[in-house]
Amino acid sequence: MRAVVTVIGKDNVGILHKVSGICAEAGGNVIEVTQSVLQDMFAMIMLVDITALSCDFSELVDKMTNLGTELGLSIHTMHEDIFNSMHSI
Amino acid sequence: MLNVYDILETIRMIQDECLDIRTITMGISLLDCIDTDIDKACEKVYSKIVDRAHALVPTGEQIEKEYGIPIINKRISVTPISMLAAACPGGDPVKFAKALQRAADTCGVNFIGGYSALVQKGFSAGDEALIRSIPEALAVTDNICSSVNIGSTKSGINMDAVKLMGQIVKETAERTADRDCIGAAKLVIFCNAVEDNPFMAGAFHGVGEPDCEIHVGVSGPGVVRSALSKYPDASINELADIIKKTAFKITRMGQLVGARASKLLNVPFGIVDLSLAPTPAVGDSVAHILEEMGLEMCGTHGTTACLAMLNDAVKKGGVMASSTVGGLSGAFIPVSEDAGMIDAAAAGVLSLEKLEAMTAVCSVGLDMIVVPGDIAPETISAIIADEAAIGMVNTKTTAVRLIPAIGKKEGETLEFGGLLGSGPVMPVRQQSAAKFINRGGRIPAPMHSLKN
Chain A
1 MRAVVTVIGK
11 DNVGILHKVS
21 GICAEAGGNV
31 IEVTQSVLQD
41 MFAMIMLVDI
51 TALSCDFSEL
61 VDKMTNLGTE
71 LGLSIHTMHE
81 DIFNSMHSI
Chain B
1 MLNVYDILET
11 IRMIQDECLD
21 IRTITMGISL
31 LDCIDTDIDK
41 ACEKVYSKIV
51 DRAHALVPTG
61 EQIEKEYGIP
71 IINKRISVTP
81 ISMLAAACPG
91 GDPVKFAKAL
101 QRAADTCGVN
111 FIGGYSALVQ
121 KGFSAGDEAL
131 IRSIPEALAV
141 TDNICSSVNI
151 GSTKSGINMD
161 AVKLMGQIVK
171 ETAERTADRD
181 CIGAAKLVIF
191 CNAVEDNPFM
201 AGAFHGVGEP
211 DCEIHVGVSG
221 PGVVRSALSK
231 YPDASINELA
241 DIIKKTAFKI
251 TRMGQLVGAR
261 ASKLLNVPFG
271 IVDLSLAPTP
281 AVGDSVAHIL
291 EEMGLEMCGT
301 HGTTACLAML
311 NDAVKKGGVM
321 ASSTVGGLSG
331 AFIPVSEDAG
341 MIDAAAAGVL
351 SLEKLEAMTA
361 VCSVGLDMIV
371 VPGDIAPETI
381 SAIIADEAAI
391 GMVNTKTTAV
401 RLIPAIGKKE
411 GETLEFGGLL
421 GSGPVMPVRQ
431 QSAAKFINRG
441 GRIPAPMHSL
451 KN
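The listed protein sequences correspond, in order, to chains A and B. Quick note on numbering: the numbering used here labels position 13 of the first sequence as 13, and the sequence is numbered without any gaps. Quick note on numbering: the numbering used here labels position 130 of the second sequence as 130, and the sequence is numbered without any gaps.
Okay, chain A solo, but in the shape it has when bound:
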């Protein structure tokens, strides 16, 4: 089971650190990261293995959403199934 974390917003110091910190705290293993900064816009997509989470997935979602609010970023944490089912036959 994997989750996709997307982060979009104004670039700042330590975004990747904070997001991956929350993953580590929850027992999520970061598998892949793509990131780009265009002018001062930060965009990151992170693939996280959630098989061995130490908390409920919904708790991880809440923590990420709260971090987004705190940093003024748009952070979405979604189960990968939604992307797989929408975009592949």
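Hints are computed from structural coordinates only; laboratory data are not their basis. Be careful, since some hints might not be right.
[Unchecked claim] List time: in silico DSS-like cross-link candidates among lysine-lysine, alpha-carbon distance up to 27 angstroms:
| hint | chain 1 | residue 1 | chain 2 | residue 2 |
| --- | --- | --- | --- | --- |
| 1 | A | Lys10 | B | Lys65 |
| 2 | B | Lys95 | B | Lys48 |
| 3 | A | Lys63 | B | Lys263 |
[Claimed, not checked] Heads up, incomplete: computed chain B residues facing chain A, CB under 10 angstroms, no partners named:
| hint | residue |
| --- | --- |
| 4 | Leu2 |
| 5 | Ile11 |
| 6 | Lys65 |
| 7 | Glu66 |
| 8 | Ile69 |
| 9 | Ile443 |
Note that CB positions come from ideal geometry on N, CA and C, so glycine has one too.
Let chain A serve as the given structure and place chain B on it in line with the hints.
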């Protein structure tokens, strides 16, 4: 394999284009709650619904979080209550409505549908008493929806029921005149009603359905409009292809959510209803899709053709995305719930007659249309008869949900708020159809009902 473009497309659909799951609806059979003592029957109804559906809302919320997709409503549909009322003659059917309301409050669902009767060929025990109790039932409850099936391709149209429903619609509006006639917005009259419809106000749990099941109704007019806007010069068949691809994606999401809900609740998965259901929110309008296709305003000449293409393409795209498609499946055109329709009706471009033509090619009927408060009950009946005739002859579901705006006339507006939106009072013909309606009897089923 996931790619960045797909991920961002999904997020954009949800964030900017109002993509959502409109409803997960649990269908519950109440046939085992029948009792000759109405109070005992009501208690059984309450207990069974709460037993089956107590986890529906928390499960819906869990899925919302898991997939990051909003599920706007959690609903329940039940066996037509007239079947339970039939066992307790002389009992007041409103007691069932109150028991349903209590169950809705306990479970925290948005609506329970099924305060219904199926009378396409005639009234059986319990049917007439239930129908006559609809105005009170909808006035004393908040979250209960009612429907009556008055015709079918197989049986013809029960004109006695059509006549009665004209009076009931008017009375239901009058009983809730202090609340913008909201009662009538929770009452729908069908021809060819479907038994697995997850959408309100017409949802009920048919007798051929299993004891308990989960249906999903998807939405997403905003996504379709946005997809079309990227191809301003495409031909119509290219547009149809774009709609099909978009409908496929939307429906896959519905299938995923339904399968997940079914697993978590340990209840069989029923159907995905792949309807484009608008809301009054900006960017969530079916009318705006038609306008994106090239109409200056919805309701002008060409509207029926555009809608026919849209409805067909939605089905073709969606049908491969789901293991079981059902319900109404197509495009909805509820006037008060669609920002583009509201504008077109207020501008006088979208008329009742045009809407009637549109219902011949889309999935439902005359939906959420506000008519003058002084409308004669026979006129309402005649509108129902016209609409039922379209459904009967074309072997499709048609429905009528009219809201007589008590105390208001053409040019004024009713405000329902929320998903139900607001609607301008639309003019109706002044010439009477009373003699026709008062004849009673039945319109015989058409020739093509004899298929065996």
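Right, here's what the structure says about each hint:
no. : hint               : in the structure
1   : A/Lys10 x B/Lys65  : 25 angstroms, holds
2   : B/Lys95 x B/Lys48  : 16 angstroms, holds
3   : A/Lys63 x B/Lys263 : 26 angstroms, holds
4   : Leu2               : 5 angstroms, holds
5   : Ile11              : 6 angstroms, holds
6   : Lys65              : 4 angstroms, holds
7   : Glu66              : 5 angstroms, holds
8   : Ile69              : 7 angstroms, holds
9   : Ile443             : 45 angstroms, violated
The structure fails hint 9 only (numbered hints given earlier).
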